[in-house]
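J.: Here is how the chains run, residue by residue.
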Amino acid sequence: MALSLFHSRKTVFALFALLLGCVLHASAQGNYEIQVYGSDTVLPKTTMVELHSNYTARGSLFTTDGTYPTNHQEHETLEITQGLTSWSEVGFYVFSSIQDGHGIQWVGDHIRPRVRVPDSWHWPVGVSLSTEVGYQRPVYSPDTWTWELRPIVDKSIGRWYLAFNPALERTWHGPDIRQGLGFSPGFKVGYDFTREISGGLEYYADYGRIGSFDSFRNQQQQVFAVTDLNVSPKWEINLGVGVGSTSATDHLIVKGILGRRFDWRRPSPVE
Amino acid sequence: MTRRKALKLSGMAAMAAGLDRLSAIAETPADYTLDIAPYSLEISPGRFIKTIAYNQQIPGPLLRLKEGVPVTIGVSNNSGNDEVVHWHGLFLPPEVDGAMEEGTPHIPAGRSARYTFTPTPSGFRWYHTHTFAGRDVKKGLYSGQYGFLWIEPRENPARYDQEFFLALHDWNAMILGSDDGSMSPVYDYSTINGKTLGFGEPLRVKEGQRILVHVVNTSATEPHWLALAGHKLRVVALDGHAVPSPQTVEMIHLSPAERVSVEVDMNHPGVWVLGEVRKHVMSAGMGIVVEYAGRSGKPTWNQPQMLEWDYRRFGAEDVAPPAESSGDLKETAIPLTFESKFTGHGSMDRWMINGRSFPDTETVRLTFGQRYRLVFRNKSMDDHPVHLHRHSFELRRLAGKETRGILKDTVLVKAGTEAEVVFTANQPGLTLFHCHQQDHMDMGFMMLFRCI
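Chains R and Z, in that order, are what the protein sequence lines are. The opening residue of the first sequence carries number 1 in the numbering used here; numbering runs sequentially from there. The opening residue of the second sequence carries number 1 in the numbering used here; numbering runs sequentially from there.
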């Protein structure tokens, strides 16, 4: 099994070096929410509030297709996810951008319902399916209305955590409307150093249209070295530094996710 | 070395040592027989659990044995796995106690064995498998291998109109991540005597009766709270031992392997639910209907709002420390510290006693006849129902509070607390001590005492 390759810390670092070696070109990607999803959903009567802070340290320097350059853009995304049932949730996003010369700008909003395979099905891996629909202003993305379908598969094996998000994207309004389905996979491998501290790699890509992938230089490819801090069931903390390799990808991004879980259930010992 | 490997090695050695003894008793006619075999349990209409059971029934047959009268129980193993039967709460030699770690030979798949012993002490005990399960949540205590043991005392002053035996169990376990960051079993269904609420036969009673209900928690890992709507429960025995101060309570609490015996005065005619106090567990099925003669209709449940239980309520009223001249002061203290070791969010924690996991734990030597005080220090985030084989112990201190007179063989040591119990080392040979949660004992929460 391919996953058994990840059986030592050395392997991870070797993989990291290999991916970095493959990823030494650059340019732009809509870096508002940089996250490989796990399969779990938020519990009912519980709200997860997350702030995604992404800073493009080295990005595009010039206006392209009417969009602002990404260099030194600070993206702040508020994500609010409400648990509906033990197997479903819905998330809302508010995207914003902060940049010299442009100030604080609203970028767009998305909504993301998600369902997962219930625990009672006893599947050997966690599986969920999210779909995300939303609008973003044309000065930040030429494609203003987009739709995403994101299958999510994950598995914890001992100290290792693996997650795969083979996302499919479709433009509903914008220049890529005739492009059909695009393929944007995300992958994460993590290792638990302690109960509280995990580290690993996250890989994000946009290969272009299914059946006719973009040339490599036009694909978006990013690899992040990340750490997850499991300080409390109430808090989610994820920090990372990522590099982009192709000319279509931002070169260097620093990201952080700070999440707080709010439990609205009235605490009762008999519940 | 893991518990599984240790069991294999000790089992092979025990088999070799036990063959002579087994052949010597092979011709002894069995007073009772148990057949371990696959079984499909219908827990609710049309919903079946494929498991392993004794004599094609769950719980296994109630074995009524007489205190002090030797008995032979024949066991055939048609389960496809090595098995062993542990006689929980009895003072038995290690060769027949039913723990391979102590030296009881395992019963290979397709083979039979006979357990010959003299049951003591009297009271409510139980029997169950004592094998390794690991991540196979169809084996060990996750299965249906459990049954009631009633050891009739030589003299029995108590008289009741009816006696009921109830076993609480959880089914269809899966190992999932939990809030504390490690993997733990969770369950789909919970039953009383193998049936979900409303499916099994009700407990049929008559107005004016005084009934005695013996409850055992046979769950592999889960504690349970039980209440009878419309009635109060008078706790008369814990783990089969009469308590010094019987008390009337709203509900009882049982950690895995614990038993509680309660008297109930049936003075409130109707149709009632005897069930798990926590809503999600009752909705998973844990309940049974109690039906008065001549009454019918939908069973009534009165939902308690709090969980209340304290062992010390049933202790002797005088908990003053013994006088200087008392032999009680000659107890030798044995500190046992419980800790976990994180092995990944995708694993179950490794468990340690005094810094070591079984089979690398220290085997503590005991002197026959000597009194010992076990000082449990639970430094982990989990509760632990710890069980001492082949002995009973007296509770002395729980979370810093003194108590006296409560005899048990399993006691819950809550997370982050200390507990102290005393016992007399009067059973020569190896004695197993372990957490009765299957996942904990599988992951190293075991140790041995050797009494010489």
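One or more of the hints may lead you astray.
Subject to a maximum C-alpha distance of 30 Å in a straight line, what follows is the list of computed DSBU-like cross-link-like pairs (lysine-lysine) [as the list claims (entries may be wrong)]: (1) R:K155 / Z:K138; (2) Z:K414 / R:K234; (3) Z:K330 / Z:K232; (4) R:K155 / Z:K341; (5) Z:K279 / R:K45; (6) R:K234 / Z:K379; (7) Z:K330 / Z:K279; (8) Z:K206 / Z:K138; (9) R:K45 / R:K155; (10) Z:K279 / Z:K138; (11) Z:K414 / Z:K379; (12) Z:K298 / Z:K330; (13) Z:K195 / Z:K279; (14) R:K45 / Z:K414; (15) Z:K50 / R:K155; (16) Z:K195 / Z:K50; (17) Z:K330 / Z:K206; (18) Z:K379 / Z:K341; (19) Z:K66 / Z:K206; (20) Z:K279 / R:K234; (21) Z:K66 / Z:K279; (22) Z:K232 / Z:K206; (23) Z:K232 / Z:K414; (24) Z:K298 / Z:K195; (25) Z:K195 / Z:K206; (26) Z:K206 / R:K234; (27) Z:K414 / Z:K138.
Which bits of chain Z does chain R cover? Going by a derived footprint, with three or more residues having C-beta under 8 Å, they are [claimed, not checked]: (28) 46-54; (29) 187-198; (30) 277-291; (31) 332-346.
In short, the hints are calculated from the structure, not lab data. Since we're looking at a predicted model, the values are computed, not measured. Where a beta carbon is used, it is the ideal one built from N, C-alpha and C, also for glycine.
J.: Does the structure break any of the earlier hints, and which numbers would those be?
T.: 3, 7, 8, 12, 17, 21, 26, 28 and 29
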